[in-house]
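Enquirer: What follows is the residue order along each chain.
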Amino acid sequence: MKIAVCIKRVPDMDVRFKIAPSGKAVDETGLKFDISDFDGYAVEAALQIKEKLNAGEVTVISLGPDVVQEILRKAMSMGADRAVQLKADAVPADSFAIASALAAELKDGGYDLIMFGRMSIDTAHGATGAIVAEQLGLPVVNAISKLEFDGRTAKMRRELEGAYELVECALPAVVTIDEGIARPRYPSLKGIMAAKKKPLETKPAALPASRLALDAMALPPERAAGKIIGEGAAVVPELVRLLKEEAKVL
Amino acid sequence: MTTNVLAFAETRGGDLRRAALEAVAAARVIADARGGAVHAILFGAPGIGQHAARLGAHGADAVLVVEHAAFAQNNPEAVVATIAARMGGYGAFVCAASATGKDLAPRVAAKAGVPVASDATAMTVSGGAITVTHPGYTGKILQTLTLTATPAVVSVRPGAFLPKEQAKAGTVETVAPAGDPASSRVKVTETAAGNAAKLDLGEAPVIVSGGRGLKEAANFKLVEDLAAAFGNAAVGATRAVTDDGWRPHSDQIGQTGRLVSPDLYIACGISGAIQHLAGMRTSKTIVAINKDKEAPIFKIADYGIVGDVLEILPVLTAEVRKAKAQ
Ligand SMILES: Cc1cc2nc3c(=O)[nH]c(=O)nc-3n(C[C@H](O)[C@H](O)[C@H](O)COP(=O)(O)OP(=O)(O)OC[C@H]3O[C@@H](n4cnc5c(N)ncnc54)[C@H](O)[C@@H]3O)c2cc1C
Ligand SMILES: Nc1ncnc2c1ncn2[C@@H]1O[C@H](COP(=O)(O)O)[C@@H](O)[C@H]1O
Numbered sequence: 001m002k003i004a005v006c007i008k009r010v011p012d013m014d015v016r017f018k019i020a021p022s023g024k025a026v027d028e029t030g031l032k033f034d035i036s037d038f039d040g041y042a043v044e045a046a047l048q049i050k051e052k053l054n055a056g057e058v059t060v061i062s063l064g065p066d067v068v069q070e071i072l073r074k075a076m077s078m079g080a081d082r083a084v085q086l087k088a089d090a091v092p093a094d095s096f097a098i099a100s101a102l103a104a105e106l107k108d109g110g111y112d113l114i115m116f117g118r119m120s121i122d123t124a125h126g127a128t129g130a131i132v133a134e135q136l137g138l139p140v141v142n143a144i145s146k147l148e149f150d151g152r153t154a155k156m157r158r159e160l161e162g163a164y165e166l167v168e169c170a171l172p173a174v175v176t177i178d179e180g181i182a183r184p185r186y187p188s189l190k191g192i193m194a195a196k197k198k199p200l201e202t203k204p205a206a207l208p209a210s211r212l213a214l215d216a217m218a219l220p221p222e223r224a225a226g227k228i229i230g231e232g233a234a235v236v237p238e239l240v241r242l243l244k245e246e247a248k249v250l
Numbered sequence: 251m252t253t254n255v256l257a258f259a260e261t262r263g264g265d266l267r268r269a270a271l272e273a274v275a276a277a278r279v280i281a282d283a284r285g286g287a288v289h290a291i292l293f294g295a296p297g298i299g300q301h302a303a304r305l306g307a308h309g310a311d312a313v314l315v316v317e318h319a320a321f322a323q324n325n326p327e328a329v330v331a332t333i334a335a336r337m338g339g340y341g342a343f344v345c346a347a348s349a350t351g352k353d354l355a356p357r358v359a360a361k362a363g364v365p366v367a368s369d370a371t372a373m374t375v376s377g378g379a380i381t382v383t384h385p386g387y388t389g390k391i392l393q394t395l396t397l398t399a400t401p402a403v404v405s406v407r408p409g410a411f412l413p414k415e416q417a418k419a420g421t422v423e424t425v426a427p428a429g430d431p432a433s434s435r436v437k438v439t440e441t442a443a444g445n446a447a448k449l450d451l452g453e454a455p456v457i458v459s460g461g462r463g464l465k466e467a468a469n470f471k472l473v474e475d476l477a478a479a480f481g482n483a484a485v486g487a488t489r490a491v492t493d494d495g496w497r498p499h500s501d502q503i504g505q506t507g508r509l510v511s512p513d514l515y516i517a518c519g520i521s522g523a524i525q526h527l528a529g530m531r532t533s534k535t536i537v538a539i540n541k542d543k544e545a546p547i548f549k550i551a552d553y554g555i556v557g558d559v560l561e562i563l564p565v566l567t568a569e570v571r572k573a574k575a576q
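If you read the sequences in order, they're chains G and S. In terms of my numbering, the first sequence is numbered consecutively and its last residue is 250. In terms of my numbering, the second sequence is numbered consecutively and its last residue is 576.
The shape of chain G in the complex, shown without the other chains:
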């Protein structure tokens, strides 16, 4: 099976972010970067499929400036066979633009399965994979937490709010990967050495103009002083009402 996995380079989230003076970016001073979480699960899932079938090839693709080569090398040290960097000075905020450039690269690749993360952990649109699929005319199943094959049929599970769906689809197809499917492995020393000799191709990204503009970034407001709404289980319905109507989190 020929598999492509699209991976994005994102900062580690376990930090307190600062906004850069432009007001449109995070201050990258001191930040560590890695493969976006769901994309890491996708790489692992792809490698497990290849290992199980004992055949096939896994290509990893990332759009961005030269620093994305670090995550492409990392994916190859985990076991991916080859990598493609779609070179762009910056990664746009518009998933449609990113998807168009990825689709142009994927179009003639002859892939049986194209994998994405459910969403990138920084810009968090959850749109790129589905847009690529529509542009390529391929079926897509979003946010899957399980993936098995019965010949050329993929059998998947999607988590819904408090429920799940079982979904089937024939290959070739696009899938986006949710948590739960596979924990990414750590690259072994042998893997890291082998990755140095694997092919990493760089091409210009065919990015169309962005039509989703990033106007500003801001930190969420500081919190106000708390309040106690009452005592004992009797106030639970009132709590649920507040969560629903005031905090709007339910």
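Read the hints as simulated data drawn from the structure, not as lab findings. The structure presented is a predicted model; accordingly, all values stated were derived computationally and were not measured. One thing to keep in mind: the hints can contain errors.
[Unchecked claim] Listed below are several chain G residues computed to face chain S (Cβ distance under 8 Å; list not exhaustive):
| hint | residue |
| --- | --- |
| 1 | Q48 |
| 2 | D122 |
| 3 | I131 |
| 4 | E159 |
| 5 | P208 |
| 6 | R211 |
| 7 | A213 |
| 8 | P220 |
[To be verified] Beyond 12 Å from chain S on every Cβ pair, some chain G residues (computed):
| hint | residue |
| --- | --- |
| 9 | A25 |
| 10 | A55 |
| 11 | R82 |
| 12 | G151 |
Using N, Cα and C, we set each Cβ at its ideal position, and we do this for glycine too.
Position chain S with the ligands relative to chain G; hints supplied.
Expert: Frame of chain G, contents of chain S with the ligands only:
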């Protein structure tokens, strides 16, 4: 530019979901700013049209009913094709950023050749442009994004646009699906209730966290039950608890554990030591349950309940289940 807005009326198992009414409420914001109408589109097996009146009562000027046996299960390909075939008549498409809506929005956008603004928590309309607030970076950064393409495709965060009773005509129009819904390449073979897959603390919109107030490891079942009722929740813990081995170290939240920033953080039997607060104080909404009304956690909790967590949790779980089922 046409000023009408199409809203996706999400259903599950033949019932209208709250997400449908939220999509209509958000669509009203755009339509009212532009002087247009809201059309809600409702897919389902024959009979689904019975929900049209409720959509009209909540702000839909018209309800497009698409009935077909192959819509008894979610059928995203046929839904997207049918919506896409009609998008020429609309200035915008709105759905809830639920699991179903997040799947549809980018596909509708792609078919229309436009970008999508996902998971909006607020929205302003000025002429041709729609500007949304979109939380990113695990909720730690709010992004302001402007969509300049038409139609504008927007998914709205559940709970951000509340359903509102505002009676409109709700005129029913029967619409034929585009193509044959029975021949979709992607087939949903089953929809079942289940315990949602374990979410990572960094990604979960809701975290239910337990401290020493739970008394013993076995009582974390109550915390897990509440998390399962939310369906999109992860379980966290204090260091007191991970040190005692009640929970794995990876669940620890705080200065020496994970830094989290969910939409909702529920602290159960947690005192609120500074080192714990360091890891969760940027959560959007904080709920604390503690038997000691002087516990420091109440200083930062938006909503506090004083009482026995072992008694309160099962009641809260039942109430959340009820609210989610709506
Ligand atoms: C260098 C350092 C780093 C640390 N890092 C972390 C960290 O990363 N994360 C972290 O969490 N801690 C950390 N700590 C530990 C921290 O100081 C606290 O000791 C710890 O957070 C307390 O956990 P707790 O709230 O579960 O327990 P306690 O402080 O024992 O609080 C239990 C609470 O439960 C309430 N309670 C008891 N019974 C009930 C009941 N039946 N119903 C309702 N409420 C009840 C009590 O009123 C009390 O408020 C660190 C400490 C140090 C020194
Ligand atoms: N710059 C990029 N390079 C490669 N893949 C990307 C890039 N941006 C997004 N993706 C892929 O698209 C998925 C969804 O991204 P998003 O739509 O931004 O949430 C990610 O999980 C990646 O798999």
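Enquirer: Against this structure, judge whether each hint is valid.
Expert: Comparing the hints with the structure gives:
no. : hint : in the structure
1   : Q48  : violated, 17 Å
2   : D122 : holds, 6 Å
3   : I131 : holds, 4 Å
4   : E159 : holds, 5 Å
5   : P208 : violated, 10 Å
6   : R211 : holds, 4 Å
7   : A213 : holds, 5 Å
8   : P220 : holds, 6 Å
9   : A25  : violated, 10 Å
10  : A55  : holds, 25 Å
11  : R82  : holds, 27 Å
12  : G151 : holds, 15 Å
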